[in-house]
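Chains as they are written, first to last, in my numbering: chain A, 1 to 210; chain B, 1001 to 1259.
Be a bit skeptical, because a hint or two may be false.
[Stated by the list, open to error] Each computed PhoX-like pair below joins lysine-lysine, with the alpha-carbon atoms no more than 25 angstroms apart:
| no. | chain 1 | residue 1 | chain 2 | residue 2 |
| --- | --- | --- | --- | --- |
| 1 | A | Lys42 | B | Lys1065 |
| 2 | B | Lys1042 | B | Lys1007 |
| 3 | B | Lys1198 | B | Lys1031 |
| 4 | B | Lys1061 | A | Lys84 |
| 5 | B | Lys1076 | A | Lys42 |
| 6 | A | Lys84 | B | Lys1065 |
| 7 | B | Lys1031 | B | Lys1042 |
| 8 | B | Lys1198 | B | Lys1007 |
| 9 | B | Lys1007 | B | Lys1031 |
| 10 | B | Lys1042 | A | Lys151 |
| 11 | A | Lys175 | B | Lys1007 |
| 12 | A | Lys84 | A | Lys42 |
| 13 | A | Lys84 | B | Lys1076 |
| 14 | B | Lys1250 | B | Lys1153 |
[What the hints assert, rightly or not] Pair by pair, the computed Cβ-Cβ distance ranges are:
| no. | chain 1 | residue 1 | chain 2 | residue 2 | range |
| --- | --- | --- | --- | --- | --- |
| 15 | B | Asp1019 | A | Phe85 | 29 to 37 angstroms |
| 16 | A | Tyr107 | B | Tyr1056 | 20 to 28 angstroms |
| 17 | A | Pro184 | B | His1150 | 51 to 59 angstroms |
| 18 | A | Met51 | B | Thr1102 | 28 to 36 angstroms |
[What the hints assert, rightly or not] A few chain B residues that don't get close to chain A, going by computed Cβ distances all over 10 angstroms:
| no. | residue |
| --- | --- |
| 19 | Met1001 |
| 20 | Ile1108 |
| 21 | Ser1133 |
| 22 | His1140 |
| 23 | Pro1154 |
| 24 | Ser1163 |
| 25 | Ile1184 |
| 26 | His1199 |
| 27 | Glu1215 |
| 28 | Glu1247 |
No lab work stands behind these hints, which were simulated from the structure alone.
Note that the Cβ used here is the ideal one computed from N, Cα and C, for glycine as well.
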Amino acid sequence: MTREVSHESAILYCGNKTAQDEVRIINGSKSQNAPLVEEQDKLARFEQSIMPHMNAAYTLARWLASNDSDAQDVVQEAYLRAFKFFAGFRGGNSRAWLLRIVRNAFYDWLKQNRGEERKEPFDEELHDTMDERRGPDTLLLEKADHELVRKAIASLPVEFREILVLRELEDLSYKEISEVANIPPGTVMSRLARGREQLRSLLLASLQPK
Amino acid sequence: MNCNETKEIIHGYLDGEVDPVRSMAIEQHLKDCPACAAAHRKQQSLRTAIAQGSLYFNAPKGLEKRVRSAVRQASKAEGRKEGGRQRWNWNWRAILSPLAATALLLLIALPILNRHSADDQLAREIVAAHVRSLMTDTSHLTDVASSDQHTVKPWFTGKLNFSPPVTDLASQGFPLLGGRLDYIEEHPVAALVYQRRKHFINLFIWPEKSGSSGELRTPQGYNVIHSNHDGMTYWAISDVNSGDLREFLKLAQADPHQK
Chain A
1 MTREVSHESA ILYCGNKTAQ DEVRIINGSK SQNAPLVEEQ DKLARFEQSI
51 MPHMNAAYTL ARWLASNDSD AQDVVQEAYL RAFKFFAGFR GGNSRAWLLR
101 IVRNAFYDWL KQNRGEERKE PFDEELHDTM DERRGPDTLL LEKADHELVR
151 KAIASLPVEF REILVLRELE DLSYKEISEV ANIPPGTVMS RLARGREQLR
201 SLLLASLQPK
Chain B
1001 MNCNETKEII HGYLDGEVDP VRSMAIEQHL KDCPACAAAH RKQQSLRTAI
1051 AQGSLYFNAP KGLEKRVRSA VRQASKAEGR KEGGRQRWNW NWRAILSPLA
1101 ATALLLLIAL PILNRHSADD QLAREIVAAH VRSLMTDTSH LTDVASSDQH
1151 TVKPWFTGKL NFSPPVTDLA SQGFPLLGGR LDYIEEHPVA ALVYQRRKHF
1201 INLFIWPEKS GSSGELRTPQ GYNVIHSNHD GMTYWAISDV NSGDLREFLK
1251 LAQADPHQK
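Please build the complete structure, drawing on both the sequences and the hints.
Structure follows, in structure tokens:
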């Protein structure tokens, strides 16, 4: 560090000033408006790196909260938190960083507003037997229209829904998902596997005539 | 790769989270096993259904405007608060010098850490070469197919700048199948192929003395043993059990004239 600065000042000031003088000049000129300048700088960086992820943030919030107006509240709260913590952002995937905050904001909001979300136990046995009886389903699945797929995902338990959304819609890697959802990396794949299995059963059940 | 192993990591495979060596092993297994291939197709059709569902939302127009102004408001408030307070004149060097010290420490430690990862890297190359040699029937396995050591050994002459020791170990239960050229750590090396019952063993040999001996079991289920002998470095890899592989390497390194 020191060597670099003195080298630079030697070139710039032809040896008239020492490295210490140089540093004092920089600090001196900055100290008066430093807070404002720093704050503006932070805002500019925030708007550049975090604001563009609004659709990603809204998509996650929308799938978690299940409706538009709650999702908007969650996103706004998340952005304010993100701005507050922005100094702690160490680079890396800014979208994943924001999504982690969105997720936390959602769960906090959930606690305040709804209590815990009702958890309907998923009847795996029922869906499994249905599966077997109905035979090959690959073609059938491809007929599923948007609305059916939407409904099926929406009816998944939230811990599977969020992992599926992070993987299939936000396209995050397993490592990023484990950081966003705060679960061990080894759990990501098994939860995805179970989530997909449940989703498939739900879709098939809605596609087959009763 | 068997059905259970495939079933366990098929989702990682679908998501592109499996390393190339295991990916290849899965692809091979999907070719061979109709049940696993059907399970794989099922998962693919589900992904297609999700992809066609246009499930991604665009943020409503008003939201971005609202968020932007809320953040600016927060930023202004923060600026006023900071401005009113007497600020310390940050001495950035005092903050940065621990960072510089850490960086220096890393600079010193990295070569040491790297030595380990270099071995890891080499082991990965060995696994990849082994898997490659066994892919799609066994046509990649040998360039010269012969159980006669007096055919295999001269075959390497002129192709390598060293002469690998070649011994047929059929009488000890490891018949020689042949040899081929391979490419490890940016050098052409000798690869000898042996068989143990239904299993294949690749033995990579090149002149070098560095690196410590050792053995490991890779996550893919291969046993790998490395040791140096007589100015050559030996890497044996196979899915036979580690006891057999150890015995094999000992036999391969024994001086043929003393047997």
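Status of the hints after comparison with the structure:
As the CA atoms of lysine 42 of chain A and lysine 1065 of chain B are separated by approximately 19 angstroms, the hinted pair is consistent with the 25 angstroms bound. Taken as a hint, the lysine 1042 of chain B and lysine 1007 of chain B pair is honoured in the structure, with Cα atoms around 13 angstroms apart against an allowance of 25 angstroms. Pair hint lysine 1198 of chain B plus lysine 1031 of chain B holds up; C-alpha atoms about 20 angstroms apart against a cutoff of 25 angstroms. Proposed proximity of lysine 1061 of chain B and lysine 84 of chain A is supported: the alpha carbons are some 24 angstroms apart, at most 25 angstroms.
With a C-alpha separation of about 11 angstroms, the suggested pair lysine 1076 of chain B and lysine 42 of chain A falls inside the 25 angstroms cut-off, and the hint holds. For a cut-off of 25 angstroms, the pair hint linking lysine 84 of chain A to lysine 1065 of chain B stands: about 19 angstroms separates their Cα positions. Note on lysine 1031 of chain B and lysine 1042 of chain B: the hinted pairing holds, with a Cα-Cα distance of about 15 angstroms set against a maximum of 25 angstroms. The suggested pairing of lysine 1198 of chain B with lysine 1007 of chain B holds, with an alpha-carbon distance near 24 angstroms, which does not exceed 25 angstroms.
Annotation: proposed proximity of lysine 1007 of chain B to lysine 1031 of chain B holds, straight-line Cα distance about 14 angstroms (limit 25 angstroms). With a C-alpha separation of about 20 angstroms, the suggested pair lysine 1042 of chain B and lysine 151 of chain A falls inside the 25 angstroms cut-off, and the hint holds. Between lysine 175 of chain A and lysine 1007 of chain B the alpha-carbon distance is near 21 angstroms, which keeps this suggested pair within the 25 angstroms criterion. Restraint check: the Cα-Cα separation between lysine 84 of chain A and lysine 42 of chain A comes to about 10 angstroms, which is no more than 25 angstroms; the hinted pair holds.
With a C-alpha separation of about 12 angstroms, the suggested pair lysine 84 of chain A and lysine 1076 of chain B falls inside the 25 angstroms cut-off, and the hint holds. Our distance criterion of 25 angstroms between C-alpha atoms is met by lysine 1250 of chain B and lysine 1153 of chain B, whose separation comes to about 19 angstroms. Distance hint check: the CB atoms of aspartate 1019 of chain B and phenylalanine 85 of chain A are about 34 angstroms apart, consistent with the given range 29 to 37 angstroms. At roughly 22 angstroms, the beta carbons of tyrosine 107 of chain A and tyrosine 1056 of chain B sit within the given window of 20 to 28 angstroms.
Our hint of 51 to 59 angstroms for proline 184 of chain A and histidine 1150 of chain B holds, since their Cβ atoms are close to 56 angstroms apart. Hint check: methionine 51 of chain A to threonine 1102 of chain B, Cβ distance near 32 angstroms, so the stated range 28 to 36 angstroms holds. Listed as outside the interface, methionine 1001 of chain B is consistent with that label: its C-beta sits roughly 16 angstroms from the nearest C-beta of chain A, beyond the 10 angstroms cut-off. Distance check for isoleucine 1108 of chain B against chain A: the nearest CB is about 18 angstroms away, which clears 10 angstroms, and the non-interface claim stands.
The claim that serine 1133 of chain B is not at the interface with chain A holds, since no C-beta of that chain comes within 10 angstroms of its own (minimum 29 angstroms). Against the 10 angstroms criterion, histidine 1140 of chain B stays outside the reach of chain A, whose nearest CB is about 31 angstroms from its own CB. With 10 angstroms as the threshold on Cβ separation, the claim that proline 1154 of chain B sits away from chain A holds: the shortest Cβ distance comes to roughly 50 angstroms. At roughly 47 angstroms, the least C-beta separation between serine 1163 of chain B and chain A is larger than 10 angstroms, which holds for a residue marked as non-interface.
The beta carbon of isoleucine 1184 of chain B is kept farther than 10 angstroms from every beta carbon of chain A, the shortest such distance being approximately 29 angstroms. Taking the minimum C-beta to C-beta distance to chain A, about 29 angstroms, the non-interface status of histidine 1199 of chain B holds against the 10 angstroms cut. The claim that glutamate 1215 of chain B lies off the interface holds: its Cβ sits roughly 26 angstroms from the closest Cβ of chain A, which is beyond the 10 angstroms cut-off. Interface exclusion of glutamate 1247 of chain B from chain A stands, the closest Cβ pair being 35 angstroms apart, more than 10 angstroms.
Every hint, counting from the list given before, is met by this structure.
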